[in-house]
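Asks: In case you want the letters, here they are:
4 protein chains.
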Amino acid sequence: MSLGVAVIGYGYWGPNMVRNFYENDDVEVRWVCDLNPERLQKLARRYPSVQLCTDFATVLADPKVDAVCIATPSDTHFELARQTLLSGRHALVEKPICDDSAKAQELIDLAARLGRVLMVDHTFLYNPAVRCIRDLVESGRLGRLLYFDSTRVNLGLFQRDVNVLWDLAVHDLAMMDYLMPGQKPVAVSATGIAHVPGQPENIAYLTCFFKDTLVAHIHANWLAPVKLRRTLLCGEKEMVVYDDLEPSERVKVYDKGITVRDESELQKLLISYRSGDCWSPKIGPGEALQVEVRHFVECIATGAVPLSDGHAGLRVVKLIEAATLSLQRRGEPVEIA
Amino acid sequence: MSLGVAVIGYGYWGPNMVRNFYENDDVEVRWVCDLNPERLQKLARRYPSVQLCTDFATVLADPKVDAVCIATPSDTHFELARQTLLSGRHALVEKPICDDSAKAQELIDLAARLGRVLMVDHTFLYNPAVRCIRDLVESGRLGRLLYFDSTRVNLGLFQRDVNVLWDLAVHDLAMMDYLMPGQKPVAVSATGIAHVPGQPENIAYLTCFFKDTLVAHIHANWLAPVKLRRTLLCGEKEMVVYDDLEPSERVKVYDKGITVRDESELQKLLISYRSGDCWSPKIGPGEALQVEVRHFVECIATGAVPLSDGHAGLRVVKLIEAATLSLQRRGEPVEIA
Amino acid sequence: MSLGVAVIGYGYWGPNMVRNFYENDDVEVRWVCDLNPERLQKLARRYPSVQLCTDFATVLADPKVDAVCIATPSDTHFELARQTLLSGRHALVEKPICDDSAKAQELIDLAARLGRVLMVDHTFLYNPAVRCIRDLVESGRLGRLLYFDSTRVNLGLFQRDVNVLWDLAVHDLAMMDYLMPGQKPVAVSATGIAHVPGQPENIAYLTCFFKDTLVAHIHANWLAPVKLRRTLLCGEKEMVVYDDLEPSERVKVYDKGITVRDESELQKLLISYRSGDCWSPKIGPGEALQVEVRHFVECIATGAVPLSDGHAGLRVVKLIEAATLSLQRRGEPVEIA
Amino acid sequence: MSLGVAVIGYGYWGPNMVRNFYENDDVEVRWVCDLNPERLQKLARRYPSVQLCTDFATVLADPKVDAVCIATPSDTHFELARQTLLSGRHALVEKPICDDSAKAQELIDLAARLGRVLMVDHTFLYNPAVRCIRDLVESGRLGRLLYFDSTRVNLGLFQRDVNVLWDLAVHDLAMMDYLMPGQKPVAVSATGIAHVPGQPENIAYLTCFFKDTLVAHIHANWLAPVKLRRTLLCGEKEMVVYDDLEPSERVKVYDKGITVRDESELQKLLISYRSGDCWSPKIGPGEALQVEVRHFVECIATGAVPLSDGHAGLRVVKLIEAATLSLQRRGEPVEIA
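Residue numbers (this note's numbering), protein chains in the order written: chain S, 442 to 778; chain Y, 442 to 778; chain H, 442 to 778; chain W, 442 to 778.
Do not take every clue at face value.
Chain copies aren't distinguished; within one or between two, either way the pair holds.
Capping the alpha-carbon separation at 20 Å, the derived lysine to any residue pairs in SDA-like fashion look like this [as the list claims (entries may be wrong)]:
1) K723 / I699
2) K723 / D496
3) K483 / L527
4) K668 / Y714
These aren't lab readings, by the way, just hints derived from the structure by calculation.
Please work from the sequences and hints to get the whole structure.
Replies: Following this line, the structure appears as structure tokens:
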């Protein structure tokens, strides 16, 4: 039996969602909806079996639609997801889950009450390289985590309504949340700048503080001449570098670090350095979105809780909200509730 | 006529200074002084003509010593430089000029009063790649500057007495000061962490705010599995990436950016994107230290003001002091006097 | 009016051809034909409007088929292309045009006699980076050409019937033919080895000699741990490096070289070296196959001669035939007729 | 007791030899000899304890000279080495051992007869990365060797008297000889070109054939815009890539390859592909020349046979001689005696 799916929004990301739902054997893509009819025309040629419309009501009126994938601008996520859930459908929402933590909580409550799946498209959680790193963390091989550092910069589309944290850092925060399970940020400090007067910040630097001697930093930038996608996750025993643009060795594990010995009788600490081999695990192929769509379908079928559920979406939104406040105050730290 | 030089400190950096002074035809290296006689033994074999000693007084007692190069730990810079100047000698001090801005000012005043050259070893100012970038800035080719972003990370020696800003970020701040002439930071925000309890911070992130929509960020880190030395200097017209580890094209100039048009009648801004050619200027050979030593010798001979004079040293120290304070307050912004 | 197209073969390359014909607005993909019905099933889901069949006769029986794209193993190219042309259709044949130069000549003659377009899928001729290099050559900027050197290695599928030259070097030879217009190879020498007993050579090194002091070399290898796609085209004035795997600067133009002066009175040559800037032209986006399909459609509409016509295909096959002979004789040079 | 050493030739390579002998505690550098007195002046300043001269006889007249290091142009190696040995001294000769295999044999015989150490400066045999690869080969980890492929290109000094094989490929041949112990080339084929009329070839491609399904290829080039130093050594089980310019992971070991199964009942071969992890062993620091000098001193002290003895030098010269002949015949294979 096939799951009836509608995709809302056919701009930048929608085509990827449509393609991946389309190629999933357990799914029937029934509708694609976009306010702009021109965009839909491209689609018609490619997927003649899919129905097209420009208003959301048409989608909801189809009783064969079981789930809705929302790939519209983030300020519309809340209302579309709310209506989706209220109509009894499951929802997969593009990141960020929505533009406000209170509304995110409302969606979580609604989904729980109605027994529907609410999942957020934190794509990197379904990326084989990121999963490989999570396995490394869980195996204990890295040892106690020391820091997370992520750079995501390129010459990218300046968004009008949200700053670069909402657009780019959301990926890194979702990864951080996934790769450091159980670690809760207690405060953030963020700095940045808007180079176009009256527009949101196009460069931002964000630090997350944790209870322990753990720190996370993210550099998000729409105005860089080169594209960089590099994440460091360093533990006491081993250190990981994940370069998403590297064609062959995307994940490298370094047997490097320091060892601290407390020489009590000497009244001092001795620090020694380790610099050993580097190892690059084979990363299986597989498109993250394909894995993600399969996971969404399974959660609907089995009632399982998605890896990137509403709570994961909410945790990320809370951090961005706090960071945006700190940004306005030139780095002043903001506590996370 | 030859300039009599003494080098104080023969640890990590001292050998480089000795070699470069030694190879300068206008210099006679008369003394190398280090508290540790073992270090000096290595030297004896290599430079049999140089006299060795373990106390500074011996150096000062030699009337043929015209200038002193101080390559000792930074907390000793002030006292050694002070005595050097008071004894009527010229001083070249390893970076940072000293560990306190008030003392730096005292050295500046002393040098001015006694008419002696006080120069700080901001090595990158004498690096041909950095000079090439400065020329690009001055030519107007980059347009109005938008941001400076510098990453300097590797698995490096943890220092006991100073945090990583004093050790690594000092290079980036000196470069920033040189590459953005006339731009004065008004405040800084810094975050970071000390992974070894009771020790100074080994990771730090520093943001400098300026009057205008200009921002600078530095990432300094002693605990990274990979070595990165990358600086971005982006202007409205062109953007520069300087990768000090790149064997061939160390400086790349990108014809990339955005163009903002104010469409008054439309009540909105139009942003368009440019992505053109990339150009990598030929960087001449030449060791920075060799150029620096030559400059020091010339300033002594001609009375010219060094490019990296005491004021440059002081500006950098003030920023690090403010950043260290901000670091302790988890990013709270600190004004620059 | 739409061009009716059939694609024969839906293995490795066929899906790319189908997709690009499908997305061309002037084309109607009427048939995809493959001996293997399983392969066709995948297609059915994706392109529900396309008709499927397992025998070529069905395709030829459809009067609305105007052109046939042949993407089958190379030993079937000749017969399929022959029938295509004889039935009055235009043919686009995957590289190599066929497995024998006499047969390639027969196809050329047939197409000429029947007034049909015969085009070979030398994909790189339609690649924007390669076109950019051709423009550089034609502008005279590189000066007199000195050598072409191309490396195409990775861990690739060992083919059963043909050696690695027929599979990989064909790309480099087609590029060479295109980038050095008017230069005719006079002889080739090739070496290599078959690591699997009884199978064709999986590593080959090929040198083309020209009349002048021009040389070309190609390294083709199915058994390499890393993927390399690098081509050098060096002229007296400037030198080009084309790295097809480089994400950003795929083409680099180096102002490097030597200058030779004949010092007659000194009875010797003076060689001086130039090492100037490097420049990387912006390469437009655009998939090569899309450009190629458009060119095929245009040639049919206008009667223009395709860039990669049967003669281009024949020139490449002749070189591979000669190289295969040389390979068997451990590098003995073989003249090109 | 200190070994008295003289270095002959203070051009490109001589200064490296002098420095490394100078820094060896068991050596006293007594003389440096060069026909050009200007070169020696630079030296005087740097190593005031070393005696300088412009004729070789002066060196030989000093009874405290135990060993001579010959770093002059290769056409002078034979005569200088011969006189060195005849005078009872040990000889370390820069690569190639000399310019003719018969003369190399004469030096070998002379050294044997007089009981003196004759060593050739095949520097890469003392490079820690190359030694690491040799250990991998000997451990059996790579499995049966399949091929060696080495690229050594850059914009380098055109030599007047010898082609690029004598200058660059000698390194790769020495490495090949060392990394594939017991494997004897039976024939070579070489191609190339001289871009400057009347001068030796500045680009050369060399293939070595072995008895088995093993092949080696070397690309040596003085006229390339980029510097490449990459060697592949591929075995049935694992494959090594050695990139001498890579700052961090110079040696990478790939768990990649093919597995061939003979399916007799199916009358065919099944080839399956392996693509596993990549591993980069930590390469210790240490300058190759320092290790080499120490080895030379030890061989003299203990009578041990140098790793790069006269026979190693001769094997390399024989290959270059055969390759040069093949080069003149456009790739025609030449047997190795």
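Asks: Now, for every hint given, state plainly whether the structure supports it.
Replies: Hints, one by one, checked against the model:
1. Taking CA atoms no more than 20 Å apart as the test, K723 paired with I699 passes between copies only; the shortest distance there is 16 Å, against 27 Å inside one copy.
2. For the identical chains of this complex, K723 and D496 are neighbours neither inside a copy (45 Å) nor across copies (41 Å), given an alpha-carbon limit of 20 Å.
3. Proximity of K483 and L527 under a CA criterion of 20 Å is satisfied in neither setting, with 31 Å inside one chain copy and 36 Å between copies.
4. Taking the shortest Cα distances, K668 and Y714 sit within 20 Å of each other only across copies (15 Å), while inside one copy they are farther apart (32 Å).
In this structure, the earlier hints numbered 2, 3 are contradicted, and the remaining ones agree with it.
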